[in-house]
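Student: Chains as they are written, first to last, in the working numbering: chain R, 1 to 601; chain G, 1 to 505; chain X, 1 to 573; chain Z, 1 to 302.
Source of the hints: derived by calculation from the structure; they are not laboratory data. C-beta: ideal position from N, C-alpha, C; glycine also. Incorrect hints may have been included.
Unchecked claim - Ranges between beta-carbon positions, derived for each pair:
1) G:P469 <-> R:A65: 40 to 50 Å
2) R:A369 <-> X:P396: 55 to 65 Å
3) G:L173 <-> R:P40: 55 to 65 Å
4) R:L587 <-> G:L173: 41 to 51 Å
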Amino acid sequence: MVTALPPLAQLLAQWRLDALGAAFAIPTVVLVVVAAVYAPPYLAQERYRSESPRRFWLAYALFAAGMLAAVAAWDLLLFVASWEVMTLASYVLVAHETSEAGATRAAFKYFVMTHAASACLLLAVMLLWAEGGALGFDGLRTTLAALAADRPLLLHVVLGLLFIAFATKAGLYPLGDWLPDAHPAAPAPVSAVLSGIMVKIGLYGFVRFFVWGLAAAAPAVAAAWGYPLAAAGIVSAVLGGFAACAAGDTKVLLAYSSIAQSGLIALGIGAGLVLAPQHPALAQLALLGALFHTVSDAAVKALLFLVAGSLQYRTGSRRLDAMGGLFHAMPVTAWTALAACLAIAGFPPLTAFTGKWLMLQGTVLSGSALLVGAGIALLVASVLSILYALKFFSGAFLAGPVRAGALEVPAAMAGAQVALAVIILALSVTPGLWLGLLSGALPGPTFGAAAVPSGWGVFAVGPVTGSYAPLLLVVAGAWTCGLAMVAIGRRRKAPRAVRTWMGGSALGASLAPVSASGFFVPMREQMGGAYAGLRFHAVRMPAWVVPSVNVDRWVFGPAVRAGLGVGAALQRMHTGTAHRYIIWQLLGAAALITLLFVVRA
Amino acid sequence: MSDAVVWGFLLLVLVPLAGALLVRAAPRRAADTIAIATALVVAVVAVWMVAAYGIRGASLPLGGLAVVDRVLAHPVALFGFRLDALASLVLLANALIGVACVIYASAYVGPKNREIPASDDRRSFYFWLLLFVGAMSGLVTSATLLQLFLFWEITTLCSWALIGYYQEEHGALAAAYKAFLMTGGGSLALLASVIILLAVTGSVDFGALAQLSAGGRAGLATVLCVLLFVGAWAKSGQVPFHTWLPDAMVAPSPVSAYLHAASMVNAGAYLLLRVVTASGATGPGTGLPSGAVTLALVMGVLTLVVAVAQFSYQTDLKRLLALSTIAGLSYVFIGAALGAAGSPLAAQGGALHILAHGAGKGLLFLAAGTLSYACGTRRIADLSGVLRRQPVAAVGFLVGALTVTGVPPFAGFWSKFTLISGAVQLGGTGVLVAVVLLLESVFAFAWFLWVGHRVFLGTPSPAVEASSPPSRAMDLALILLMVLCLAVPLAGLPLASAIGLGPGR
Amino acid sequence: MTTMSIERTDRVAGSLVSALGEHLLHLDRPAPDRIYCDVARDASVAAVKALFEGLKARYVISVGLDRRGEGAGFEVLHCFAMDEEHVRCALRVALSPEHPSIPSITPVIPGASWAELEIRDLFGIGIEGHPDPRRLVLPDGFPDDVHPLRKDFPYDAKPPLDGPSRPFTPAPPGTTEVRLGPFFPVLEEPSQWRLFVDGERIVGTDYRGFYSHRAIEKLAEAKLSYNQVISLAERICGICGCVHSTSYVQAVEEAAGLAVPRRARVIRSLVLELERLQSHLLWLGIACHILGFDFVFQQSWRVREPLMTLAEALTGSRKHFQVNVVGGVTFDVTAAGQERILETLTGVERETSALVKALEGDQALVQRLQHVGMFTPEEVRLSGAVGPTARGSGVPVDARKDHPYAAYDELDFQVVTHDGCDNWGRTVVRIGEAFESAKMLRQCVALLREMPEGGLVADVPDRLPPFREGMHGVEAPRGEVFHYVRTGSGNGPDRWRVRAPSYQNIQAVPTMLKPGTTVADVPITLGSVDPCFSCTERMEVLDLGARTRRVLDAGEIRELARSGRMPPERSAR
Amino acid sequence: MSPALGAVVWLLLGPALVLAAGPWLDGFGRRVRARLESRRGPPMVQGYLDLAKLATKEGLVAVTNPVTAAAPWVALAAAVTAGVLVPLGGATPLGFAGDMVVVLYLLGVSAAAVALGGASGASAYGFLGASRELLLLLLVEPVVAGAFLVVGLQAGTFRLGGMAAWELAHGPTVASVLAGVAAGVALLAYLGRVPFDLSEAEQELTGGALVEFGGRPLALFRWALFTRWLVAAWVVVEVFVPTPLRGPAGAAASAGLVVVLFGVLSVLSTLIARLRIDQARVFLVQIGLLMLFAFTFAVMGA
């Protein structure tokens, strides 16, 4: 039994950044820098004027440090501490707009829910420590293996606690209910980092503990936990997608999409865990898919949140209804948004396709009923992502009144967006390169580097189960356009611009423009109820609690009153009348005799 | 035994006493200077003592009384001073938070206070406060139960005087009287326990109970334990004596922060830890009787639940904090009980929690005090948007809340982590207790955050709009405590790790 | 027959006297089964209530009259029908010649809304308390104080077009406006429906019709002779060849007290049923086309084609049969024609049966029709809807049975009804009626064969008695066509009021578009009443000389159409 | 011919072939339909004539922005690219560039480009059409993809060449037959033919998503639509009823099967009334169940 904490200095020295950590740390650094470039002009908005920029930047720095520390910590306690620093700093960032009730309420919900999850993490860590006697990650596998051998029940409890903690952070349904509130409330650069990276840190937890630790130590247990993880992933991916389709607010839409994407990644990780013992090659594909999707979604989702921020910066609203036709007014934002939307929709040749494609192979080809189901759910979720991506883009940039004038955001903001778009394109056309690098992050003997398929090119990915070369598709598409252009003849002149007519008058003259969300109501109707059904509601204290804990009322108060009462009664007895004393004596004697009888009997 | 140790112990008790007398006699203007200087000297001495002897340990036996020796037919050590890791933690809390509170009080108690404007003459206030500092130092460094009891009664007296300081304030005298009755009544039980112990075992050492239990008289030992617990519960406002502490919130905020959060109320918890660490874990023939340990554990958890259950309907910020204090102290009681049940980590965590919680809760009270000072109200409903007006208090409140609820990297995390890990190590019931503690942490956290949101964020309410700026002294005190909240683990963790179970130390 | 009808009329008159009580000023029975009651202006609403709610009479139409030339004032006639009693009755309300106004009955009978507004627009008779007093009939720009149907307004006058336009109801907040029309694929004629939709679900509608009001009533009253009006009446509708003319001549015959020869009456029935049969097949095709089922559309029209050829062979024309003349018909159906009818019918009946069988088996189609466009019997009554629209809701209103005319009293046929109250109900009714029509056509041929040829026209006096009234309904394919004729002092009508069935049925469509209906259900619901509504408002003008091009908006097109000149270019564009 | 050379040749020739073949299907489909409706119908080359007519018309655009301008091109390019990935005559020269999932996704891109085009015009009809198009995509895509996955699952690969080879080697299994039927029926919806043409429902939305397009852009959209018909029918044929013939004979056999399949689809499309979106959902869910049965058999190994 451990009798004391190890010295603090020793604890604080446990850092190590392995390939797995780096796979999360590098996107973190990139996103944190990009969002930091975006933030200054964004925060100069009127609505943030009264907030202290120092507070923001201090929290932002802590936030970044916390995230990096969480992936670099090589010690359970340090991991927990970094985790909480990350949460705490992000809470301050979410609540940045202190006078806005909605933002603070969201921040509150966020912090409380994630803190409750941290408590689970803490308890799990304590159990691991108490059982294994070591806090370092080096001993983690040993501890897990020992637990699996000796105390499987306890191991499952620990894993269950870890599951709750990571699932909450990763926004998996229903534990991630904070997400749709917190992400919209935060300033856009913060939302970008929250959604791009912090949510992924929750998934890092899954990979670190379940894949890196557990799958190597106790494959059977890991496979068993793969099922609930994949199931949570499926539910989140589908419900999140439905909710995103139903949303009318840009950032709420993106927040639900984060839940959905997070669910997809969890699905991949879960599938990897399940498959690892029997089909290591497919497991590898699923896990690689999940990791690739983590990286690509980090860039895509961050970019989308920055775009949502830019839209809010210029239109003052987050509602798709209030926007529309912004393509000409904000060309840079529109182009980057287009890249991100097409990417998140999973259209080849853009980036999100790769991850989904690999996960699809990993799940369906396994032939396991549950995983095939997961594959179909993945398909549904993919189509939903197409729906909400197109809804977002068309609602903001295409539909509605055509806006004139230059509304483009300041250079720093546009620059940040462009940088992310470039990253997305880089990830898109060279999937083989990144997958090769990520396969190095797959841990342990099970998914070791030896299992990496050979012969993957930089531009083409070709496992036996599928093939994909995005650049070639682009070439074929371009060639097709060329042929078609030849076939239908050269355009003599540019098409003439006319106004949209309806019912005898031009749009904008007497007819109100079509609002984006109004025409996506079918989506709202058909999909809105799916997620909202299980949102958390405020808890009220039952009425009986208040009086029942008032000890003064039912113990001390009566005691004091009784004491005073006895005193007063005694006082009244002393009337000075002789015969009353005699009566008392007789009564006393009678009582005594009765008592004697009772005692003897 | 060097002279330095002797001087150290003497200074700890005598400097505040002297300061108290001096401030009483000095002119009104010099009172602040004298009081702050005294507190600073005590703090310096305390820090030095802890640094020098905290882990190594130091003691100054003073022997007993001839009369008693004769009656019991052998020499009994009735008095003496001792400093070890456990005492160091509490001493640090007492001395460091003491400085902050005295500095704070120099601005808070006076005519500028919008809630309760008071006279500029703070001499009697300082008198009681410094007297209390001395008494508490003595209490912490006492080597025997008897000496501890004597200082104990002095702190009760100081508490009575300070709660009733605002005599004109509605309910102040009644609250003071109530606190005095309840804590005083409790100490009668403690006295009884000490006297019987002395009569039966011929010792007033902290380990005497364990000897009694080991000596085959577990029944009597249990009864004495319970009597001793009653004293400790009453002092620390634990169930069923938890009702005086919220009422005592009519006292000036620095008093609430110091006596009723950081220092005096810890006495009961400290006593228990003292007895537990001196007794060792329960086991066949050793340690405290298991029945008493179970009772302590059960009452600790009960207190926790009862206190937290009352959070939800509090309208007064300080009453809420008082309830939270009750809950916080129950951690220490639980830690002690778990320690007695065999987990040294839990006892260490409990000890560290005294310091961590003291710093955090002191900070919370002072932050709340700043609000009532500046805005003239402590009602949660009347306050909102304070962040814009009183940023230091707001940040202080947040830091305090994060500290007492155990969010890393603040002090409370380390103490709670150690304590709960200890509970988890015990397995079985320990894990259940750990779950309850974590649930409480989360709930308390949520509640504090919610109150914090209501009070500090949003648009300023009329009361806040009209608020006056806080004084520098008050902000300084807040900042000191914030630093403390972060710095506690640095010194506290090594000290706590040095606490072991059993008479060996 | 006549005795029976006199007894019936006595009974109804009795109940009218007791129902109207002191409101009744005078009761007039100029013809069998026709009652006219004079009531005071202020008692008109109470009288309408007594009739509509007390006696459960069916509202038909309200007619405005300008009798200032006869030394009286204005007059409004609220026409009702007591279908079970086979009696038609009208409440006559005399109004002042200077500032005529009448309390609105729309709050009691929602279906009276258009009729009242039309009286307001065309006669300048104020309607007090109308719930939606927007302009209805007058075109945009027509001055508010000019009322074309007043006798002092020359039929060829052109007032300055600087008056107000009809405002549309704005879309409720949060909804989007979808405009169907003025030109829309399923509305073959101009009318505009504005649907306020939340997504695909409808939360409200606004309608505007009367885009091509042709002022035929004014023309007839001002310029035409009785027999000239027949040609005009036939051209009211593009699909029906003779229902309006039949109704008109019968109203004139009723007013003049003319008895039409039996053979002429049988021929009228025969042509009317031929009409119905082709019309229902046409409708079936269009309904299926609306539903995206072009297969049935093509087949249904193919099946209908022999009927059109038959019509041409019998009358000389595929449409506009020119069968009627006041007092009889213009041609006989010869033996060869009779043969041809029977022959054609056999083929049509066989093929229609096959088509219907295929339709009823198509679950997807049935599902699209069932429970859509719900129209309850009570709503039928309130809206005054007629024809298959009413019968699809189980209301057996049918002028052929209720107010027999032509040879229908001699024919054996069923009034087809359906309790579905939905689009499917209306479909089933039309299909059933098509077969009933075929049956009746055979009966007509049989009747013609057994009666002697010749005697197609009654003796008609040179001048018809002036200021006599006739009101007559004919059951057209879409429902009862109603014509009111008041003979004039010359050789033409003094007042001719036409009420097409669609006039009431279209008013009922918003009721059928119950909240929750989706956009996809609108065209077929509208189609289910087989609305009879013509031209676009969008027009592009190419100036080849200047090589420019302009898009004209509604106002500019109007200006161009009326003035014949290009409107000046507006700087705003 | 070396694989690399084959790939280059097919990359150059394939798109031209696919582009050329698509419009013929339109003429063929209309002829089939006309015959069923007792009409003569247009000539077989009507598809080409329509495109030629539209290409010469002046372009009118309600909203000018790069996305709207690019949408028709993307729709066409994606559909054609999908086409060149499909095996023909037993050869899959570009099989390394994309598998079955890529093909389905590219067809999805093509459909989404139509929706984007429809949504850009601010016309209520266009928007409703786009909205319906996307909802339909949501319903049909998993069904069609699922049916293909069944074969992929059995073959152990998503490579189209591998799937066809497996199907040939193992003959029709219970699972693949069920999946084939599901895919065939779902094709109606996938191709946006009646009864699933509700996104352009002329009688309701006057053309729906494409209402604001005319001239060349409309020509391209129509061309993309024809190509989608071709490619989808083709890939179904190659995966579910692969021909054992190789080379030109194999290509001819496949083409014959595509024409037969498309003819059957045209008959079905003529004989069913357009569904409302809720009916379409019910219908597709039923097909989806069939697909799930297929999966069940596939997982069991049947």
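Student: Would you mind marking each hint as holding or not holding in the structure?
Tutor: Evaluated hints:
1. Between G:P469 and R:A65 the beta carbon distance is about 33 Å. The supplied range of 40 to 50 Å is therefore violated.
2. The beta-carbon spacing between R:A369 and X:P396, approximately 59 Å, falls within the hinted interval of 55 to 65 Å.
3. The hint said 55 to 65 Å for the Cβ distance between G:L173 and R:P40, and at roughly 58 Å that hint holds.
4. R:L587 and G:L173 have their C-beta atoms about 42 Å apart, which keeps the hinted 41 to 51 Å range intact.
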